[in-house]
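Asks: Build the full structure now, drawing on both the sequences and the hints.
Chains A and B, in that order, give the protein sequences. The first sequence begins at 0 in numbering that gives the first Met the number 0 and counts up one residue at a time. The second sequence begins at 0 in numbering that gives the first Met the number 0 and counts up one residue at a time.
Just to be clear, a hint being listed does not mean it is correct.
Not close to chain B: a few residues of chain A, all C-beta gaps over 10 angstroms, as computed [claimed, not checked]: (1) Ala55; (2) Asn70; (3) Leu89; (4) Pro92; (5) Leu230; (6) Asn264.
Lysine to aspartate or glutamate pairs mimicking DMTMM-like chemistry, simulated, CA-CA at most 20 angstroms apart [unchecked claim]: (7) B:Lys167 x A:Glu35; (8) A:Lys37 x B:Glu166; (9) B:Lys170 x A:Glu35; (10) B:Lys182 x A:Glu35.
FYI, nobody ran anything at the bench for these hints, they're computed from the structure. We treat Cβ as the ideally placed atom computed from N, Cα and C, and that holds for glycine.
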Amino acid sequence: MSTSTQTVAVAAPTEAPARHWHRKKKPPLSEGARAERKLGLLLCAPAVIVMIGVAAYPICYAVYLSLQRYNLAFPNAVKFVGLSNYGAVLSSPYWWQALKVTVIITIFSVLFELVLGMALAQVMFRTIFGRGFMRTVALIPYGIVTVAAAYGWLYAWTPNEGYLSALFSNSAPLTSTVPSLAIIILAEVWKTTPFMALLLLSGLAQVPGDLEKAARVDGATVWQRFTRITLPLMKPAILVALLFRGADAFRIFDNIYVLTGGGHNTYSVSILGYDNLFSALNLGIGSAISILIFICVAIMAAVFIWGFGVKAPGADLAK
Amino acid sequence: MATTTRQKAGWGAANAVTFVVIAIPLLWIASLSFKTPAAITDPSFWPAQWTWGNYSGILTNSTFVRPLLNSIGIGLIATFIAVVFASMAAYAVARLAMPGKRLIVAGALLISIFPQISLVTPLYNIERSLSLFNTWPGLIIPYIAFGLPMAVYILAAFFQQIPWQLEKAAKVDGATPWQAFTKVIAPLAAPGMVTSAILVFMFCWNEFLFAISLTSTTSARTAPAALAFFSGGSQFTTPTGPIAAAAVVITIPIIIFVSVFQRRIVSGLTSGAVKG
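Replies: Here it is in structure tokens:
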């Protein structure tokens with residue numbers, strides 16, 4: 000590899016403007032470099048094939064399905080209908096309700112997780128006694144099967160059975176919208192705050208201790224040190240954590256499925272898509288919903304990466 | 000820095016609060032799983048009547064045992080394949096000069112934030128036409144795809160820290176690139192592979208949406224999906240106890256995992272994501 004780059008560097012000054020012409024003239028790769036390239040492509044092939052086969056191809060297929068009138072109950076009535084499925088979804092109050100619920104859950108759960116995760120990261124960072132034990136404990140909610148934990152919350156809030164319901168005078172919060180959403184957010188926050196804390200913890204560990212000491216000598220209070228030094232230095236870690244958790248919260252499904260089944264207007268976009276496929280058996284509409292959700296997440300990622308300048312994780316891996 | 004007793008007490012209290020907040024929901028499920036159907040209606044944490052009945056009930060019932068075996072089998076196979084594929088790709092990304100690296104990393108990132116529901120509809124249709132619906136491979140294949148990005152990140156970050164002079168030395172001694180990979184680097188990379196295997200397995204163990212969408216019977220349904228289809232021992236008993244017992248059963252491996260591999264899991268979760 001090094002030989003070929005050297006040749007390019009030597010030849011570049013005079014030929015720089017005519018780049019493609021220059022590229023064609025690039026001397027053939029040495030045998031070793033060619034073998035390396037071939038091996039690299041071979042090694043990547045299985046992973047790439049699986050990722051294309053399971054993600055890229057189906058999403059293209061979903062675009063195709065979304066342009067059809069396709070109901071599994073009437074398999075012979077499949078017909079190309081253009082964008083009318085999108086029209087049907089976008090003019091349906093169900094879609095907007097689902098989007099509203101999803102956005103509310105995403106914003107509130109990520110916000111709480113950020114604040115609590117930051118606190119937990121501080122605890123895990125500063126604590127001297129039982130560090131390993133505390134990290135193990137914090138990993139349990141992250142690792143626990145979401146559905147299993149969700150049943151715990153469901154029964155905890157069941158009137159006459161659950162300890163949390165008993166605490167709130169045997170109320171039945173899972174039978175109305177706002178309390179249900181609060182419980183769904185609680186279940187999300189309980190489960191994912193430790194993950195957030197771990198991501199933030201490794202950002203925290205990169206803040207140089209000297210800076211804090213210097214600020215302390217200069218008489219900065221704890222709060223000033225946190226907001227003026229720790230937070231700005233942790234900004235990249237925070238943004239990456241927000242992107243990952245935001246995208247993850249947006250696809251919320253398990254907790255809602257178990258806690259309310261989407262009832263009382265608590266269905267998220269994922270629940271709506273699922274119901275359209277398995278209750279209404281409508282592949283066309285279901286696919287249109289799928290594509291719209293995909294677009295929402297893509298916009299979110301784009302805003303983070305280009306808007307906030309999140310350095311895409313792993314960018315340095317490909318150097 | 001000098002820590003005063005008061006500070007120590009403060010952090011100790013913070014630890015205690017964290018512990019309690021995490022432990023209570025877990026203890027609650029455990030307590031439910033030991034309650035008799037009559038005692039379920041008592042919201043106390045200490046069962047009025049203790050029973051093993053919920054456990055013996057689910058563990059002798061194929062509506063849970065079969066999904067549990069499916070979970071183990073599908074999880075292990077998907078994890079194994081994902082880690083093998085990811086190691087190969089990560090080695091190429093971290094070490095070899097070749098075009099398209101950025102595309103692979105970007106693709107992996109895209110999949111890791113991908114909304115799974117967007118794939119459920121097309122995969123459902125594709126799998127039905129390929130007769131993969133409601134089979135082990137029907138779940139294994141998507142699990143590999145969604146486990147790969149995580150594993151590629153962890154392993155690529157890990158591979159970059161390996162002393163590669165060893166590989167050069169092997170090549171000087173006449174090893175082909177493939178031999179250098181399998182004989183020298185792979186053993187050094189084993190810890191990274193273990194870390195990614197744990198995280199991928201935990202993902203498969205936890206997955207719910209594909210598990211309920213791409214299966215229709217217990218022949219491929221995994222344990223989390225089976226929980227959602229539980230009904231009581233008879234029409235008249237509530238499934239609360241059995242569901243709680245099943246939840247405990249599928250949580251035990253996770254608790255063992257995080258206790259044994261705490262360090263690895265923490266380093267794996269944070270390796271690809273934040274150092275960038």
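Asks: Straight-line Cα separation of B:Lys170 and A:Glu35 no greater than 20 angstroms?
Replies: holds (13 angstroms)
Asks: Find the nearest Cβ of chain B to the Cβ of A:Ala55 and say whether that gap is larger than 10 angstroms.
Replies: violated (8 angstroms)
Asks: Please verify whether A:Lys37 and B:Glu166 have alpha carbons no more than 20 angstroms apart.
Replies: holds (18 angstroms)
Asks: Hey, does A:Pro92 actually stay past 10 angstroms from chain B on C-beta?
Replies: holds (20 angstroms)
Asks: Can we trust that A:Leu230 is non-interface, i.e. its beta-carbon lies farther than 10 angstroms from all of chain B?
Replies: About 15 angstroms separates A:Leu230 from the closest Cβ of chain B, which puts it past 10 angstroms; holds.
Asks: Decide, holds or violated, for the assertion that all CB atoms of chain B are farther than 10 angstroms from the CB of A:Leu89.
Replies: It holds; A:Leu89 is separated from chain B by about 16 angstroms at its closest Cβ, greater than 10 angstroms.
Asks: Are B:Lys167 and A:Glu35 close enough, with their CA atoms no more than 20 angstroms apart?
Replies: The hint holds at about 13 angstroms.
Asks: Would the hint linking B:Lys182 and A:Glu35 be met if the CA-CA limit is 20 angstroms?
Replies: holds (17 angstroms)
Asks: Check the non-interface label on A:Asn70: least C-beta distance to chain B beyond 10 angstroms or not.
Replies: holds (12 angstroms)
Asks: Would you check whether the claim that A:Asn264 is not at the interface survives, using Cβ distances to chain B and the 10 angstroms cut-off?
Replies: holds (19 angstroms)
In summary, the structure is inconsistent with hint 1 from the numbered list given earlier, while agreeing with all the others.
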